[in-house]
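Asker: If you read the protein sequences in the order shown, they are chains A and B. Okay, so the first sequence: first residue is 1 according to full-length UniProt numbering, each after it adds one. Okay, so the second sequence: first residue is 1 according to full-length UniProt numbering, each after it adds one.
Since the hints were made in silico from the structure, they are not lab data. Just so you know, these numbers come straight off a predicted model, no measurement behind them. Any given hint might turn out to be false.
Note: identical chains are not told apart, hence a pair may lie in one copy or across any two.
In silico SDA-like links for lysine to any residue, alpha-carbon gap of 25 Å or less [claimed, not checked]: (1) K24 x I321; (2) K176 x A190; (3) K163 x P265; (4) K29 x T283; (5) K24 x N53; (6) K347 x T173; (7) K166 x G182; (8) K299 x E101; (9) K388 x R340; (10) K163 x L264; (11) K166 x T227; (12) K145 x G10; (13) K105 x M1; (14) K24 x A348; (15) K266 x E232; (16) K327 x V37; (17) K145 x P50; (18) K29 x E328; (19) K163 x L270; (20) K22 x P219; (21) K105 x T254; (22) K163 x A271; (23) K319 x M1; (24) K211 x D25; (25) K266 x E216; (26) K145 x N28.
Spelled out, the chains give:
There are 2 protein chains.
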Amino acid sequence: MINVAVLGYGTVGSGVVEVIEKNKDMVNKKSAQELEVKYILDLRDFPGDPYENKVIHDFNTILQDDSVTIICETMGGVGAAYQFTKQALELGKSVCTSNKELVAKHGPELLQIAREHNCNYLFEASVGGGIPIIRPLNYSLTAEKIEAVNGILNGTTNYILSKMEKEGADFDTVLKEAQDKGYAERNPEADVEGYDACRKIAILSSLMFGKNVDSEKVPTEGITKITAADFEYANAAEYTIKLLGRSRAIDDDTAEVMVAPFMLPKDHPLAMVYGVFNAVFVTGNMLGDSMYYGRGAGKLPTASAVVSDVIDCARHQGKVIMCFWDKEEVKLVDTRESVRSFFIRAKAGAKGAVEAAFPGGRELHLADRKEDFGYFTQPMKESEFLAKYEALGEQMLGRIRLV
Amino acid sequence: MINVAVLGYGTVGSGVVEVIEKNKDMVNKKSAQELEVKYILDLRDFPGDPYENKVIHDFNTILQDDSVTIICETMGGVGAAYQFTKQALELGKSVCTSNKELVAKHGPELLQIAREHNCNYLFEASVGGGIPIIRPLNYSLTAEKIEAVNGILNGTTNYILSKMEKEGADFDTVLKEAQDKGYAERNPEADVEGYDACRKIAILSSLMFGKNVDSEKVPTEGITKITAADFEYANAAEYTIKLLGRSRAIDDDTAEVMVAPFMLPKDHPLAMVYGVFNAVFVTGNMLGDSMYYGRGAGKLPTASAVVSDVIDCARHQGKVIMCFWDKEEVKLVDTRESVRSFFIRAKAGAKGAVEAAFPGGRELHLADRKEDFGYFTQPMKESEFLAKYEALGEQMLGRIRLV
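One chain only, chain A, in its complex shape:
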């Protein structure tokens, strides 16, 4: 029998307890032994909860109990979660986490501590919620050189963009509705500004290279400037708009990594990923394109991924599971040096100026919009585009990169 401790009895933590309980037969069969949640660490008490007698408040109880060999860290944050994870790994207790912030920030260090103490630090739930993506990258696509990863990595922003597209609503309206429904946080910054997607693409890029991509160095742009009008033009041109985390290998040590809204053709597999669903599109040098799709968040999907890690730890007690992610930094190229096309939305009066600044592009006029027009530029260096775009000043109403 293996005793498990759950740190943090919030949404994901309570989901972990629920999955282990509800799918007990399957979990025990796949673990080849019985799993039991022995402790739930939380600052709060949970009177009336079926597991209230497992709730404790002192992490040392878990550390000092040698019968606990697997810990689920579902607290979030990089303070106590970091300390607890480190202490646990140093004692040879494996840790399974859904905490992308901590994985993005201290992943390579915690993996090394785990290796040194013959235990595991697993984080399937940190990217894509319930979508198996960490394991496919680590254990399935092992014969591949991964050339690129493109992902819809945040459910809240994908829900907002999907609603804007389908209902013609504006960002603020849909955000408010999403907040009321609990799909978006009261403080939505981490989602709508792209920070959450940034952490996730940094984790995926790190696994792609086996070296570290520092999330703080990844250029990140959110979706707050996307408007209903942008979707009207996108739709007319057979495009959609998605917040993408993108990573492209330049060579074995160098990558272009970024998070930004992109226009992509409606027949691209990522274009059909709607609502709270996420998907990761992986391009390998032998396999070509593959995609992993599913619920990117939510209590039970995320918990299911954490428990799959617990099962993996149970089956590999005392053994280190392969994960290549060294501290060495991947060099990030300046995304402004990349060449791509842009969509521009501009005031009707700016037609001549836009054509002069971006020759050879394609204009798009919509019958019901007299006040503005759309324009797709030829491929050009991003820095050059941005300089010209900004020089055109208030005539410009918006710009979106094309994939």
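Add chain B to chain A, keeping to what the hints say.
Answerer: Just chain B now, with coordinates in the frame of chain A:
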């Protein structure tokens, strides 16, 4: 160093050699040791081939060489491939295969022999070509009770159906073109009659239950009766037509498994899987829906999956990798007892008869088609539907199940 032997130097076998050679750095890093192809078994010689000096004709050379611990079986068929696989496993040599026919027919027996001899029988490439699906089912979705698997599992038929949809062409025309391009075999029966998809859904269902689904008991219907006219109606009703392998758990021991063309809504994630791409849509009791998408066939994608198995064997020498697939049979329910809706295409004159036989359905008339009409029935038992449909005789031009 690990010596590898490749059985069969055809499309996939030569791809395996190419992947190991081209991605040598990655393959050796992930294997944590050097992999070397020592023998290539084939009846033919390959003068001028860069690996011609590795080509041998006698399997005993491989069996008797203790330095060969991993074998790639890329011969196909259930004759020699079965004998060779068995002999290799009995000597403790792991076998990695792309041979779905053999896996579907003798999977549980070969897995048991592997277990008894402390080696592995792996078959990631047997379903979905390069798409990681066997490993996600075996190692990722371990905390899930899988409720259903729906897959587009055959690239040839999906290519044909996609072409028919996009070009309005008929089955025979597109098949001939596909044969000319090498996308379809001269003898296309295994693909177009659904037998290939049937083996694959049997393998996936077996892994879903951990028990055996006998592919020979799976009701299988191909795509030869689908017409350009069916696609016209489907398109007008916002549907598409796909050949699906479907498996649905009734309880822990009982399933409904079938292969047939289905109409599915255009916004279903499987509907956007076009051309030679394949996808597997998995529904779990915690995770909900997830999907795995990629190239379902082709030399390098399939070879990449075989090599990922080789790497797994290399990392687990002398250890048995978890795979639940017992000989015990899953009970299959009679698909004719299932309740679903059907699409009917019927001669224009049969309007009254169709409405009388299938009351409460939805008619569909197309302006440019006077000779026939479409009809969507209410959900009804399949056996009841078929009896009534057949009773209407030559008035009926086609029928397709709805998902």
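Asker: Any hints this thing doesn't respect? Which numbers, in order?
Answerer: Violated: hints 13, 14, 16, 20 and 25.
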